[in-house]
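Q: Residue strings, one per chain:
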Amino acid sequence: MIGGLKTMLPLAWRNLWRNPRRTGITLIVVAIGMWSVLFFNAFMIAWAQSSKETTLQLLLGSGQIHAEGYMDDPSIDALMHPPDQDLASALDAPAVADWTTRVVIPGVIQSEYKTLPTTIVGVDPKAEARISSIPGKIAEGRYLNSSDDDSVVLGLHMAERLKTGLGRRVILMSQNTEGGMSEQSFDVVGVYDADKATEDLYVFTGRAASQQFLGLEGEIAQVVFVLKEEIALEDTVAALAAAAPALDVRGWKDLNLFLASMDSYMGVFIHVWLGIVFALMAIGIVNTQLMAVFERTQEFGLLRALGMKPRRVLVMVTIENALLIGVGVLLGMVLAAVTIWSVRDGIDFSAFARAMEMVQTGEIIYLDYEMDAFLLFPGLIWLLGILVALWPAIRASRCSPVEAMRRET
Amino acid sequence: MDPIVACRGLSKTFGKGELAVHALRDVDLDILPGDIATLAGPSGSGKTTLLNMIGALDKPTSGEVSVDGQPLGGLSRSQLSELRLSKIGFVFQSYNLIPVLSARENIEFVLQLQGVSAAERHDRAMEAIKEVGLSGMEDRRPGKMSGGQQQRVAVARALVSRPTIVLADEPTANLDSRNALELVDLMGNLNREHGTTFLIGTHDGRVIEHSMRHIEMVDGRIDSDARGST
Ligand SMILES: Nc1ncnc2c1ncn2[C@@H]1O[C@H](COP(=O)(O)OP(=O)(O)O)[C@@H](O)[C@H]1O
Ligand SMILES: [Mg+2]
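Protein chains in written order, with this note's numbering: chain A, 1 to 409; chain B, 1 to 230.
Incorrect hints may appear among the rest.
[Claimed, not checked] Example chain A residues on the side facing chain B (calculated, C-beta under 8 Å, incomplete):
(1) Leu11
(2) Arg14
(3) Asn15
(4) Arg18
(5) Pro20
(6) Leu302
(7) Arg304
(8) Leu306
(9) Lys309
(10) Pro310
[Claimed, not checked] The calculated SDA-like cross-link candidates involving lysine to any residue, where the alpha carbons are at most 25 Å apart (straight line), are:
(11) Lys6/A with Ser117/B
(12) Lys309/A with Ser117/B
(13) Lys6/A with Gln114/B
(14) Lys309/A with Ala118/B
(15) Lys6/A with Thr164/B
(16) Lys309/A with Thr164/B
Treat the hints as calculated values from the structure; they're not laboratory data.
These numbers were taken from a predicted model, which means no experiment stands behind them.
Glycine residues also receive a C-beta, built at the ideal position from the N, C-alpha and C atoms.
Okay, chain A solo, but in the shape it has when bound (with noise of 0.2 Å):
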């Protein structure tokens, strides 16, 4: 057999190259079917990235801890107290890059033209910073100075729907710890500009000052933490509801469902896609391949004639199938790696990132190539064409030697 092999490789090479346009359209349709498979996977795993580093920059963090109870209805009897020693020491291992608490609290904003639901926001803007995006996100302004600055940074639509802007003033009300409304007055100094949906709901304040125009005493709504590894969630989930059994402490996969759920999405998007693009394929190489096997039935009725045994021919049409899918799927991979190479300075996703409302994207997508995919899907597709080209090959085992001597010239 493996005799066999080697003297039907280079017949089959040869083979190949007798109908050059023939072999060359199935060539065609192999590497653009693989190339197709291979950029778009890198593609969809380059934005599930990029848009769940962008969502968690934003807000989210790798993980926040609350009041047991704040997550089914966040309000303002459901607030914790700051982290005691224990929650401290832990939030302070080597794992968390960093770490800050805020108040978050549903509301109401008013200007003068307009009142609209938000959630008010306070926060200690040095640690803020280095946690979350929106500080660097000013469009007009500044961000809060301090947990102290009672003044407010809005959202650019919401200050666009309010009708108001940068030294105008907005009210804010909210359930206050007495059971009744509280409502007070605040300079706008910000307007910020991220995504639709974070700039119509969330509305930000000094954490002090949100805390006396609530009536609270020190306490907090959320603490919000960031990793260095996103390997070390779980560790570190564990590691902290140890430290505070009390409290609630979720990693982000339990805080946006979404977010969470997106990889899955992604791969069953990419197989669908795989799927399409296989069927295709399929289509075409049968087609070829039978409209081959028809034009040189002759000759393999000559090969059987001589001697060539049905499974042998079988296996001879099979390596020609085999050469020819396994170049286009070559020339697919060569060309997707050039792809993904030629955009290694990220694509400008920008203008779409605007468009999507759902879910954060980064404004540049960066692909790498994912190494498993490039061996697994070209594996795939080479051993499935393989198997439907199968069908050609059987037909040509199956060619009457008496058509060798059928006189034809």
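Put chain B with the ligands on the given structure of chain A with help from the hints.
A: Quick look at chain B with the ligands alone, frame taken from chain A:
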């Protein structure tokens, strides 16, 4: 002397009912070792059909063919392939060389199928090329050779495996006079020098003249079978 090929009551019918064509009707034929026999007869008389039966390319409707004492009746497709490979050489009207292989590679191809080692393959192919007078052309592909040269390669391919019998169907039909005569000479020489047995389906007078034995077919039957001397 035991016959190399023995046909007994051989019949072949194509199609059924009203459309049935009786290509062979009850043919008995023995070919002896060293024969160089021509099978002649008008077009449609059953020459090709008979060669196909003897060459184990097709199965008779009834009757029996034996090659080298081996009845073909019960053999599987794979066993028939084996038998063709080891015992029968073919020369076809339209040469039927493998276009992507050179002359030498075409000749070596059957030896490859037989599992002959590369070195021996090469030597035997070169010798066969010399024998058919094509030395120096071993690396040419069929497309770069004349019809006469291609047919010589085909003869070399048929001989190189040292078959029991060489079956040739209208081998000169596509050749001009000179090439046809040269091919006839070649086959005659091979027969004299190596005792190669030939059965040649033809209605070419030049071929028939050179044969030791002349078989005439009419309507799927053997009409006459005569030995003459050349
Ligand atoms: N595959 C086939 N199907 C139907 N008829 C056939 C087939 N092969 C040969 N025949 C018929 O059998 C008869 C003998 O054909 P053939 O052996 O080719 O004659 P020859 O070679 O002497 O010209 C012819 O009538 C031919 O039409
Ligand atoms: Mg004929």
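Q: Decide, hint by hint, whether the structure agrees.
A: We went through each hint and held it up to the structure:
Hint on leucine 11/A holds. Least Cβ distance to chain B is approximately 7 Å, under the 8 Å limit. The beta carbon of arginine 14/A comes within 4 Å of a beta carbon in chain B, closer than 8 Å, and the hint placing it at the interface holds. Because the beta carbon of asparagine 15/A sits about 6 Å from the nearest beta carbon in chain B, less than 8 Å, this interface hint is met. Residue-level restraint check for arginine 18/A holds (minimum Cβ-Cβ distance to chain B is 6 Å; threshold 8 Å).
Interface restraint check: proline 20/A against chain B, minimum CB-CB distance 13 Å, threshold 8 Å, status violated. This hint holds: leucine 302/A has a C-beta 5 Å from the nearest C-beta of chain B, less than the 8 Å allowed. Below 8 Å, beta-carbon pairs count as interface contacts, and arginine 304/A has one with chain B at about 7 Å; its hint therefore holds. A hinted interface residue such as leucine 306/A counts as satisfied when its beta carbon comes closer than 8 Å to some beta carbon of chain B; here the least separation is about 6 Å, so the hint holds.
Annotation: interface hint on lysine 309/A holds; nearest CB of chain B at approximately 4 Å, less than 8 Å. Interface hint at proline 310/A: satisfied, since its Cβ lies 6 Å from the closest Cβ of chain B, which is below the 8 Å cut-off. At most 25 Å may separate the alpha-carbon atoms for a hinted pair to count; lysine 6/A and serine 117/B meet this at roughly 12 Å. For the suggested pair lysine 309/A and serine 117/B, the alpha carbons sit about 19 Å apart, so the restraint of at most 25 Å is met.
The hinted pair formed by lysine 6/A and glutamine 114/B meets the criterion: a straight-line CA distance of about 14 Å does not exceed 25 Å. A hinted pair counts as satisfied when its Cα atoms are at most 25 Å apart, and lysine 309/A with alanine 118/B qualifies at roughly 21 Å. The hinted pair formed by lysine 6/A and threonine 164/B fails the criterion: a straight-line CA distance of about 28 Å is larger than 25 Å. The suggested pairing of lysine 309/A with threonine 164/B holds, with an alpha-carbon distance near 20 Å, which does not exceed 25 Å.
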